[in-house]
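*Asks:* Use these hints to put chain B onto chain A, whose structure you have.
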Amino acid sequence: MAPAAAAAHHTSLGLDSRKMAFWAFIGSECLLFASLISTYLIYKGRSLVGPYPDILNIPFTSISTFDLLMSSLMMVLALAAVQRGDLKWAKMWLFLTALLGMFFLAGQVYEFTSFVHEGLTLQRNLFGATFFVLTGTHGAHVTVGVIWLLTLWSRALRGKLGKANALTVEICGLYWHFVDVVWIVIFTVVYLIQ
Amino acid sequence: MSATKGWRSWLTTTDHKRIGLLYFWTAFVFFLIGGLEALIIRAQLARPGNTVVSAETFNQLFTMHGTTMVFLALMPLSAAFFNYIVPLQIGARDVAFPRLNAFSYWVFVLGGLLLNASWLLPHHPAPDAGWFGYANLTSREFSPGPNIDFWLLGLQILGVASLAAGFNFIVTILNLRAPGMKMMRLPVFSWMTLVTSFLIITAFPVITVALVLLMFDRFFGTHFYLTSAGGDPVLWQHLFWIFGHPEVYILILPAMGIVSEVLPTFARKPLFGYTVVVYSGVLIGFMGWGVWSHHMFSVGLGPIADSVFSATTMLIAVPTGVKIFNWLATLWGGQIRATSALHFAVGFIALFTIGGLSGVMHASPPADLQQTDTYFVVAHIHYVLFGGTVFGLFAGMYYWWPKMTGRLLGERLGKLHFWLMFVGMNLAFFPMHFIGLLGMPRRIYTYAPELGVAKLNLVSTVGAFLIGASILVFLINVWRTRKRGKVAGNDPWGGATLEWTIPSPPPPHNFDVIPTVASRLPRWSMTQLTAIPEGAELGKPHAPAGSWWPLVAACGLPVLALAPLTHTLWVAFLGAAILITGIYRWAFEPFEV
Numbered sequence: 001m002a003p004a005a006a007a008a009h010h011t012s013l014g015l016d017s018r019k020m021a022f023w024a025f026i027g028s029e030c031l032l033f034a035s036l037i038s039t040y041l042i043y044k045g046r047s048l049v050g051p052y053p054d055i056l057n058i059p060f061t062s063i064s065t066f067d068l069l070m071s072s073l074m075m076v077l078a079l080a081a082v083q084r085g086d087l088k089w090a091k092m093w094l095f096l097t098a099l100l101g102m103f104f105l106a107g108q109v110y111e112f113t114s115f116v117h118e119g120l121t122l123q124r125n126l127f128g129a130t131f132f133v134l135t136g137t138h139g140a141h142v143t144v145g146v147i148w149l150l151t152l153w154s155r156a157l158r159g160k161l162g163k164a165n166a167l168t169v170e171i172c173g174l175y176w177h178f179v180d181v182v183w184i185v186i187f188t189v190v191y192l193i194q
Numbered sequence: 001m002s003a004t005k006g007w008r009s010w011l012t013t014t015d016h017k018r019i020g021l022l023y024f025w026t027a028f029v030f031f032l033i034g035g036l037e038a039l040i041i042r043a044q045l046a047r048p049g050n051t052v053v054s055a056e057t058f059n060q061l062f063t064m065h066g067t068t069m070v071f072l073a074l075m076p077l078s079a080a081f082f083n084y085i086v087p088l089q090i091g092a093r094d095v096a097f098p099r100l101n102a103f104s105y106w107v108f109v110l111g112g113l114l115l116n117a118s119w120l121l122p123h124h125p126a127p128d129a130g131w132f133g134y135a136n137l138t139s140r141e142f143s144p145g146p147n148i149d150f151w152l153l154g155l156q157i158l159g160v161a162s163l164a165a166g167f168n169f170i171v172t173i174l175n176l177r178a179p180g181m182k183m184m185r186l187p188v189f190s191w192m193t194l195v196t197s198f199l200i201i202t203a204f205p206v207i208t209v210a211l212v213l214l215m216f217d218r219f220f221g222t223h224f225y226l227t228s229a230g231g232d233p234v235l236w237q238h239l240f241w242i243f244g245h246p247e248v249y250i251l252i253l254p255a256m257g258i259v260s261e262v263l264p265t266f267a268r269k270p271l272f273g274y275t276v277v278v279y280s281g282v283l284i285g286f287m288g289w290g291v292w293s294h295h296m297f298s299v300g301l302g303p304i305a306d307s308v309f310s311a312t313t314m315l316i317a318v319p320t321g322v323k324i325f326n327w328l329a330t331l332w333g334g335q336i337r338a339t340s341a342l343h344f345a346v347g348f349i350a351l352f353t354i355g356g357l358s359g360v361m362h363a364s365p366p367a368d369l370q371q372t373d374t375y376f377v378v379a380h381i382h383y384v385l386f387g388g389t390v391f392g393l394f395a396g397m398y399y400w401w402p403k404m405t406g407r408l409l410g411e412r413l414g415k416l417h418f419w420l421m422f423v424g425m426n427l428a429f430f431p432m433h434f435i436g437l438l439g440m441p442r443r444i445y446t447y448a449p450e451l452g453v454a455k456l457n458l459v460s461t462v463g464a465f466l467i468g469a470s471i472l473v474f475l476i477n478v479w480r481t482r483k484r485g486k487v488a489g490n491d492p493w494g495g496a497t498l499e500w501t502i503p504s505p506p507p508p509h510n511f512d513v514i515p516t517v518a519s520r521l522p523r524w525s526m527t528q529l530t531a532i533p534e535g536a537e538l539g540k541p542h543a544p545a546g547s548w549w550p551l552v553a554a555c556g557l558p559v560l561a562l563a564p565l566t567h568t569l570w571v572a573f574l575g576a577a578i579l580i581t582g583i584y585r586w587a588f589e590p591f592e593v
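First to last, the protein sequences are chains A and B.
Read in order, the letters of the first sequence correspond to residues 1 to 194 in our numbering.
Read in order, the letters of the second sequence correspond to residues 1 to 593 in our numbering.
Only true hints are included.
Incomplete in silico selection of chain A near chain B, CB under 8 Å:
1) 11
2) 20
3) 21
4) 24
5) 25
6) 31
7) 35
8) 36
9) 47
10) 122
11) 123
12) 125
13) 129
Since the hints were derived computationally from the structure, they do not count as laboratory data.
Quick reminder that beta carbons are idealized off the backbone N, C-alpha and C, glycines included.
Extracted from the complex, chain A is given alone in its bound form:
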């Protein structure tokens, strides 16, 4: 039985198949966000009526950005904890990663609501449409990530997240860091370079 079991885990490139699939997925997602960001840039300055991008609140969003960056740090610590089989800290860091993700989402909800109060809606102008669809798609990705993290956290609570599951956590981390990196691009393109 031993050789067969070994064969089952052997891969031609030595990289785990799930991880490779996930890298391919991330490559695919790059094209998704590239299309959305291009649409935003193409329509930049072409809105016929306000509100215009000057309503963006850079200090507030800088805090959200910092929050998301810190969540990536928590994710790194969570993975390290799982890899060394430290369930106690794995639970802690996973929960904190998810919590910071939820803070980010709360910030986005607040931001979207305040924009709507200022008259910026999906239908109002091209800025509203491109802004909400781009950042909304990103927010949807963060939501999926939070659900994923909470799933792992609940597994950890039940003691089912040992060293053997390190790869699962690593792949979740890849996703989380990717979503974080996309946000840094969006923050730069949409908020900082006006």
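*Replies:* The following block gives chain B in isolation, referenced to the frame of chain A:
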């Protein structure tokens, strides 16, 4: 659960061979539906002022013909071969993610059914804005009914199926190769599957965004493609063709791969310039990303854009031409056996070359401006996608049929099928070059006798019905050989690649012992590939487990799509619940590959 009998086992199967067969038959049914639509179109155009169908129905017919053939027939027929053949060619026991593979298939079926369900509703609101659905024809203002909604939701679902399959085959080919199967020993069909998969995972996100923006325009009142609020319909064209041109190569590269397998087998010679053929395929994959605006010369993008895209379009003909010369050189001096499969492969070369030449004509903007939106373009696309892809796929069917079913298709009927289809195809599509240059626009439901294209159109219609007859011959062939066909054995053709080392059809685990590969043409350069090495310890044979959850998860997507179609919120929650349940049960069920 590893049942292999009964209808339930087909719903839960994760065996790449069974999924390949499911893909094949489903796609073939869609191919027949798309073909039927084409025949009604040709019946309507057989003579001027014809009244077989109304103008509205005609719009739906050409839209659904194009959409069905591209997304529901040709892509999934290629996928059928990816599924069945690639794991066998690379010496693997299954794909990397068997359940994801089942998920791809079910999503594809359900998306196709959703799209075609539009025919069955009262007043049959089938999509009617052309297969590339140009803005602002697709806006709520000009298309108030649910026609376009079916189209944009169906295509988004089909995109999920393609993406999932793309990831799966990239990982399968890179990671599940048998020992010694280096990349430059990979059969060309598997190589082209790899390139196609990369094109799929990069091109489909772009059309997804285009469709999502359209969905927002139609359902949530945004103005992405509406000039009234500063939006630009040309954005749709860019997004669509940035996807659409790689899509052309997604359709043709698998057929090129098939032909690269069939020619060496029946010329009894290794493929001429294997390395160059592979690198040309990769190069086509890259360059396919830099030519999209040649679909948009008539927009008036300016001289610089026109010149650049004109040049890149001419350049991409180079690697394509290289392949054609390599195929011809493979035949040169070979011991040729003129089987049906070889007929179709050689037919592919001839017809694809004609289509390629009219493609290069489009590369010149002044010429393109004369040809665009006329039947000339219809002639071109059918020479590459019918003369190219469909002939390539039929070559693959005759070649791999014995591997997939254990019996050979009849050669006499096969050749009758070929000649009927070859003559029919040229009768149907060659006159369209002239019809177009004489000034008949595409996508019009009728024309005046004074245009002077009535005879040519009649010839074209006769050709189309000949193609229909040839497909009937193929189906008769399939039916007759089902029980009475010659038994294939492991290797009826003397093929060089690994799929011919194992029984036909292969056992569920494919290989008793995973072979060790020492050359590019293992069957031709060494014997006893599957001999069990002395002292080898045999593991438990792989029995692919079944799972319901890919099917359940896939069902969530069409339910989600029903929410906007019916304007009911709770349906969206139901769809999401089904999808999430499916994914969670899938993730946590014990599953041993």
